[in-house]
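Undergrad: Residue strings, one per chain:
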Amino acid sequence: EVQLVDSGGSLVQPGRSLRLSCSASGFTFGDYAMSWVRQAPGKGLEWVGLIRNKASGGTTEYASSVKGRFTISRDDSKSIAYLQMNSLKTEDTAVYYCTRGVGISAAGSLYWGQGTLVTVSS
Amino acid sequence: QSALTQPASVSGSPGQSITIPCTGTSSDVGVYNYVSWYQQHPGKAPKLMIYGVSNRPSGVSNRFSGSKSGNTASLTISGLQAEDEADYFCNSYTSSSTYVFGPGTKVTVL
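Residue numbers (the working numbering), protein chains in the order written: chain A, 1 to 122; chain B, 1001 to 1110.
Treat the hints with care, since some could be wrong.
Said to hold, decoys possible - Among chain A residues calculated to face chain B with C-beta under 7 angstroms, some are:
| # | residue |
| --- | --- |
| 1 | F27 |
| 2 | G44 |
| 3 | L45 |
| 4 | E61 |
| 5 | V102 |
| 6 | A107 |
| 7 | G108 |
| 8 | S109 |
| 9 | L110 |
| 10 | W112 |
Said to hold, decoys possible - Simulated pairs of lysine to aspartate or glutamate, DMTMM-like, Cα-Cα distance not exceeding 25 angstroms:
| # | chain 1 | residue 1 | chain 2 | residue 2 |
| --- | --- | --- | --- | --- |
| 11 | B | K1068 | A | D31 |
| 12 | A | K54 | A | E91 |
| 13 | B | K1068 | A | E46 |
| 14 | B | K1047 | A | D31 |
| 15 | B | K1047 | A | E46 |
Calculated directly from the structure, the hints in this document are not laboratory data. Note that CB positions come from ideal geometry on N, CA and C, so glycine has one too.
Next comes chain A alone, as it looks inside the complex (with noise of 0.2 angstroms):
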């Protein structure tokens, strides 16, 4: 069975990080994509971002809103997806799920983790 764990959610201030975690299990990690998808309090979903597996050579791709801040990686060897987040702003507050898709692209996100709170405030 795919599961998806998020965890790493915190109350930050605002211009400080933090590092969210997707811990992966019941597939072979290495082999597919992995993406983040947020969700502010009250509002609907916005892709954050996503790595590709080795294969098509593990890169990456922001959308603008966090280009430049945040940085997404995996370990392979450990089946953990990571979400370094820096520069934090107070808009970055929402549930972050990481995602996995229906193949080995990110294309169509087919489990989801339970998603881990962010809240950004001084």
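Let chain A serve as the given structure and place chain B on it in line with the hints.
TA: Okay, now just chain B, sitting in the frame of chain A:
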């Protein structure tokens, strides 16, 4: 601001069919068949209902169907049921190698 547009709300009576449009541009919906739809009930994680414009994941009811014409993708729910009341979000791949969500549509079963 979302690059995709959806109506804020759609409603229907039990048993009826409703369609939710998702309008993009020639840089996303119009040129890629990577359109997906998600259902989200309050307090829950989103659930994939349709991927690749018209494909249903295993376990999703065949009352849900997807299609695309030009720059507009659509999700149709047939035989509307009370449990279908939820928020629905469309998503598309873009020419910038990123993905984008629509703002979401609240479906109400009357």
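Undergrad: Compare the structure with each hint and give your call.
TA: Structure-based check of all given hints:
1. With 7 angstroms as the threshold, the beta carbon of F27/A stays out of range of chain B, its nearest partner Cβ sitting at about 15 angstroms, so the hint is violated.
2. Hint on G44/A holds. Least Cβ distance to chain B is approximately 4 angstroms, under the 7 angstroms limit.
3. With 7 angstroms as the threshold, the beta carbon of L45/A comes within range of chain B, its nearest partner Cβ sitting at about 4 angstroms, so the hint holds.
4. Hint status for E61/A relative to chain B: holds, with the closest Cβ pair at about 5 angstroms, below 7 angstroms.
5. The interface hint given for V102/A is met, as the beta carbon of that residue sits about 5 angstroms from the closest beta carbon of chain B, less than 7 angstroms.
6. With a least beta-carbon distance of about 5 angstroms to chain B, the hint placing A107/A at the interface is held under the 7 angstroms criterion.
7. Look at G108/A: its Cβ gets to within about 3 angstroms of chain B, closer than 7 angstroms, so that hint holds up.
8. Given the 7 angstroms rule on beta carbons, the hint for S109/A holds: about 6 angstroms separates it from the nearest Cβ of chain B.
9. Because the smallest distance between the Cβ of L110/A and any Cβ of chain B comes to about 5 angstroms, under 7 angstroms, the interface hint for this residue holds.
10. Residue-level restraint check for W112/A holds (minimum Cβ-Cβ distance to chain B is 4 angstroms; threshold 7 angstroms).
11. As the CA atoms of K1068/B and D31/A are separated by approximately 30 angstroms, the hinted pair breaks the 25 angstroms bound.
12. A threshold of 25 angstroms between alpha carbons decides the hint, and for K54/A with E91/A the separation of about 32 angstroms lies outside it, so the pair is violated.
13. Distance hint between K1068/B and E46/A is fulfilled; the C-alpha atoms sit about 22 angstroms from each other, no more than 25 angstroms.
14. Restraint check: the Cα-Cα separation between K1047/B and D31/A comes to about 22 angstroms, which is no more than 25 angstroms; the hinted pair holds.
15. Our distance criterion of 25 angstroms between C-alpha atoms is met by K1047/B and E46/A, whose separation comes to about 15 angstroms.
The structure is inconsistent with the numbered hints 1, 11, 12, although it conforms to all the rest.
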